[in-house]
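Given the sequences, and given the hints that come with them, work out the whole structure.
Protein chains in written order, with our numbering: chain E, 1 to 373; chain Z, 1 to 626.
Worth double-checking, as some hints may not be accurate.
Unchecked claim - Not everything, but these chain Z residues come out facing chain E in the computed CB check (under 8 Å):
| id | residue |
| --- | --- |
| 1 | R9 |
| 2 | E14 |
| 3 | M37 |
| 4 | Y48 |
| 5 | L50 |
| 6 | N58 |
| 7 | R230 |
These aren't lab readings, by the way, just hints derived from the structure by calculation.
We put the CB at the ideal spot given by N, CA and C, even for glycine.
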Amino acid sequence: MSENLYRRVLVFANARLWQLVHIDILLIGSLFLLIGGGLFVLYSASGQNAAMIERQIFRFTAGLMVCLVLAQLPPKYMRRASPALYIFISLLLIGVLLFGVGAKGAQRWLPLPGGLRFQPSEIMKIVMPMMVAWYFSDRALPPSFKQIVTVLILIVAPVLLIAKQPDLGTSLLVAVSGIFALFLAGLGWRYILGAAALAPIAGFSLWQVMHDYQKQRVLTFLNPESDPLGSGWNIIQSKTAIGSGGIYGKGWLEGTQAQLDFLPESHTDFIIAVLAEEFGMLGCGLLILAYLLVIARGLYISAMAEDNYARLLAGSLTLTFFVYMFVNIGMVSGILPVVGVPLPLVSYGGTSIITIMATFGILMSIQTHKRAR
Amino acid sequence: MSRQHQQFRNYRQEQRLTQNRVIAAAIFVLLLASTLMARLFYLQVIEYELYQTKADDNRVMLVTEPPPRGLIYDRHGLVLADNRPIHSLTVTPERVDNFVDLKEELSKIIDISDNEWENFEDRLKEYRRPYQSITLKSQLTDEEWARVSVDLYRLDGVQVEAQLTRYYPYGEAFAHAVGYVGRITASDLEKVDKQAYQGALFIGKTGIEGYYEKALFGEAGFRKVEVNARGRIMSQLEQQSPIPGKDLHLYLDARLQQYAYDLLGDYKGAVVAIDPKNGGVLALVSKPGFDPNLFVRGISVADYSELRQSKKLPLFNRALRGGYPPASTIKPFMALAGLDYGFASWTERYFAKGYYQINPDGRRYRDWKRSGHGWIDLERSIIESVDTYYYQLANKMGITPIHSFLSLFGFGRSTILDLNGDSTGLLPSNEWKKAKYKEPWYPGDSVNVGIGQGFMVATPMQIASATSALASRGRYFYPRMAETLGDQPVEFEDDLGGEHDIILKDQRNWEKMVKAMRKVITDSLGTARRLQGTEYVIAGKTGTGQVFSLQEDEEYDSEKLDKRLHDHALFIGFAPAEDPKISVFAIFENGGSSSKPADLTKKLFDAYLYDKYPAHYDYLKGNDNE
Chain E
1 MSENLYRRVL VFANARLWQL VHIDILLIGS LFLLIGGGLF VLYSASGQNA AMIERQIFRF
61 TAGLMVCLVL AQLPPKYMRR ASPALYIFIS LLLIGVLLFG VGAKGAQRWL PLPGGLRFQP
121 SEIMKIVMPM MVAWYFSDRA LPPSFKQIVT VLILIVAPVL LIAKQPDLGT SLLVAVSGIF
181 ALFLAGLGWR YILGAAALAP IAGFSLWQVM HDYQKQRVLT FLNPESDPLG SGWNIIQSKT
241 AIGSGGIYGK GWLEGTQAQL DFLPESHTDF IIAVLAEEFG MLGCGLLILA YLLVIARGLY
301 ISAMAEDNYA RLLAGSLTLT FFVYMFVNIG MVSGILPVVG VPLPLVSYGG TSIITIMATF
361 GILMSIQTHK RAR
Chain Z
1 MSRQHQQFRN YRQEQRLTQN RVIAAAIFVL LLASTLMARL FYLQVIEYEL YQTKADDNRV
61 MLVTEPPPRG LIYDRHGLVL ADNRPIHSLT VTPERVDNFV DLKEELSKII DISDNEWENF
121 EDRLKEYRRP YQSITLKSQL TDEEWARVSV DLYRLDGVQV EAQLTRYYPY GEAFAHAVGY
181 VGRITASDLE KVDKQAYQGA LFIGKTGIEG YYEKALFGEA GFRKVEVNAR GRIMSQLEQQ
241 SPIPGKDLHL YLDARLQQYA YDLLGDYKGA VVAIDPKNGG VLALVSKPGF DPNLFVRGIS
301 VADYSELRQS KKLPLFNRAL RGGYPPASTI KPFMALAGLD YGFASWTERY FAKGYYQINP
361 DGRRYRDWKR SGHGWIDLER SIIESVDTYY YQLANKMGIT PIHSFLSLFG FGRSTILDLN
421 GDSTGLLPSN EWKKAKYKEP WYPGDSVNVG IGQGFMVATP MQIASATSAL ASRGRYFYPR
481 MAETLGDQPV EFEDDLGGEH DIILKDQRNW EKMVKAMRKV ITDSLGTARR LQGTEYVIAG
541 KTGTGQVFSL QEDEEYDSEK LDKRLHDHAL FIGFAPAEDP KISVFAIFEN GGSSSKPADL
601 TKKLFDAYLY DKYPAHYDYL KGNDNE
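Pasting the structure below:
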């Protein structure tokens with residue numbers, strides 16, 4: 001009897017301890033699961049490149065720092081900083097168009113002293129939902145028509161700036177993060193259905209402003225076999241890798257498509273194909289399950305948050321994270337056109353790890369700074 | 001104001017609104033996640049086999065290794081068709097970004113002729129396994145090889161490959177007998193196993209090389225390899241070594257072949273020598289020949305059109321395909337036919353005038369000797385080659401017995417066992433004339449056939465094989481080129497391949513005919529008396545083939561005639577007459593008098609029987625211990 005009580009006290013104390021250092025143990029646990037599994041796949045996808053794994057671990061460590069630092073920051077400060085951040089990043093986006101550097105005809109980075117580069121559009125993925133959440137933080141929900149229009153303008157302006165770089169993938173994700181906040185704020189279903197009905201028109205308009213290479217991607221997506229050696233190659237090879245993995249996969253480091261370089265960008269955007277080839281449908285299922293764990297925790301934090309700002313921000317960030325994963329797996333498996341979206345926390349690469357980890361820092365902050373009731 | 005407004009807000013309701021939206025989003029998330037799982041299920045379970053095959057097709061490549069080709073030897077172990085290592089410059093098109101740049105870069109290093117480049121571009125368009133290299137320049141010299149090797153590292157897709165190529169050391173005299181290999185064409189590939197010939201440089205086209213292609217080729221080896229996306233071989237999965245082609249030993253005597261070729265001099269013509277004991281072809285000469293090595297790596301257009309357009313027809317195999325009137329060389333066979341069918345006898349005497357008439361007032365068929373031969377018998381008709389005797393004999397017999405008797409000796413049909421494309425010549429018959437001309441056979445037709453003219457056409461190979469049957473007193477062997485293949489004697493299918501005995505009603509007639517043919521040389525009136533003075537006995541028969549028919553009263557005068565219209569000079573012979581080891585047929589096209597082929601034949605006998613070759617043929621001696 002007394003022993004049982006002792007245990008319950010200990011559990012409570014521990015929970016209080018995590019609360020004290022502002023770490024959400026469930027969220028960080030599922031993140032580590034995802035990251036750990038991802039490193040295994042990356043090791044195989046990179047051709048057993050230990051140096052690449054080291055760099056990736058270094059990035060995760062840096063991302064974890066950002067995450068933990070942000071977790072210490074109470075949501076109210078974030079809320080107050082939101083509009084200023086929004087304006088600042090928007091100005092930087094204009095700066096990118098004026099002074100940006102980049103490759104392949106796109107300007108995405110601002111040069112920093114010391115040869116470093118900085119991609120403001122990446123940060124906009126977080127700042128956009130912050131701005132929308134801030135807008136609704138002291139307004140009654142659901143939003144009025146006038147408020148909806150205002151928010152849409154807030155969303156569209158930076159999205160256009162990013163699309164102009166051009167960076168279709170990021171601009172869509174930024175737009176989506178703002179729209180999610182709007183949705184959680186209670187955007188009327190009739191608006192949502194109306195927008196869905198207008199989607200073909202929007203698609204057509206989008207087609208008009210798209211660059212040729214972007215149009216080519218869509219065309220190739222619709223019929224990859226039309227250009228088997230050119231832009232269709234990637235999707236044909238990734239489908240082959242996924243399909244040939246079967247249920248159980250060919251085994252770690254045994255995927256021929258991945259190991260023999262038939263799979264392009266196997267360690268970045270197409271890394272899920274490596275997992276699918278070597279670990280089969282079971283491996284993919286486990287990965288998606290790990291993502292769903294993270295997302296479930298994020299949505300729970302959102303639902304349980306104290307105020308509208310926290311709820312909208314947490315929910316929007318979580319759903320954007322889901323969109324990342326959905327768009328990536330969708331494109332690699334051939335149900336969505338190829339847009340350059342990495343698989344979050346698994347693909348090799350820099351900037352997105354930091355922003356994604358920052359997202360979870362914000363989520364943990366929201367969860368752990370609740371006033372005791 | 002704003003504070004007051006906030007007080008009226010229903011926070012609980014707003015929280016519920018957002019929470020409901022979160023639940024809606026969660027359902028949305030689950031739905032989309034299920035879509036992904038469904039897609040993975042579709043690819044990985046339903047379409048698994050399709051993609052598994054695709055993945056294997058991607059990575060597994062079958063590389064064929066051509067086997068070394070079997071060598072061809074003469075009867076003394078001299079190599080007539082050899083394999084020589086060469087280095088060739090090859091290009092893997094998949095690894096080349098820009099062919100124009102490549103051509104420019106390569107031209108700085110070695111000479112690439114327009115012809116070589118065009119051939120390369122042609123082959124680029126042909127069917128080809130991905131990542132299979134194409135030869136751009138073959139048989140690099142040592143200097144070219146060295147120069148290219150230095151720069152190989154920066155020429156993507158270019159490599160130097162060591163290959164074995166066919167080489168014919170003795171060239172043109174052997175071209176029609178041994179044949180040659182040439183580059184494989186699309187139509188060749190339809191006849192063979194495409195897979196096995198993948199990577200092979202050439203295929204046997206003519207002669208021995210063509211007929212024994214399958215055995216000489218051997219069996220291709222395979223390597224199943226795993227390649228990466230750039231076609232580089234990463235590992236070997238399975239291997240089957242190539243089985244080298246079998247070596248072929250011919251009956252052909254290289255020295256005899258070359259000697260016969262040289263003895264034809266500037267004449268066009270053919271010589272076929274056969275061992276009467278087994279039908280083995282000792283020499284098969286068609287002059288002029290050509291350098292078979294030109295064909296091995298793909299003959300140039302200029303060289304080919306030169307060969308094609310030459311009036312001497314060097315590419316035409318006269319020994320197998322040349323259709324000649326056998327002329328008087330047919331007389332021993334006609335005489336035997338007459339004896340066997342009872343239209344002639346050794347004792348019966350005949351008065352040979354200078355001409356023969358079927359009817360008292362009819363056309364006069366002239367004898368070569370205008371004054372006639374007087375009273376003669378059958379033996380003398382052979383010795384002096386009396387035309388009128390055979391006119392009357394053929395007229396008496398009619399074509400049917402002639403046809404059936406001569407066909408026993410191989411006339412009118414394909415004779416050589418192991419060479420393709422020999423002509424059947426023409427052994428005329430009643431039925432043939434009806435079918436061809438819709439006319440009956442006339443006695444005059446028989447008269448002409450009696451001296452091996454008229455409709456009768458034979459190839460040198462046929463006449464030689466018939467002579468060989470005569471030499472062996474009725475044992476007929478189908479002529480054959482190859483004695484052993486690998487370690488096994490070459491065997492042929494029974495319907496054609498065996499031998500048969502020609503049984504005469506009186507078998508003594510063989511010996512009597514040989515005796516008559518001996519007297520062609522020994523008798524003071526014999527048509528080949530110039531061949532006297534040998535330490536062995538020769539039996540033979542001369543022949544003079546008309547290229548065109550003289551008018552009845554026209555005199556043949558070689559001085560006035562274009563050389564093109566000169567008579568063909570023929571000779572058949574075998575030696576030693578009592579136990580023949582070699583029989584020969586020789587024809588000098590437009591050679592005029594039959595003394596030329598007779599002299600040639602005697603020299604071949606001297607050479608073959610007593611090793612009397614001019615000293616400079618020693619290089620063709622071969623090594624019997626081999």
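Task: Index of numbered hints that the structure contradicts, given in increasing order - done: none
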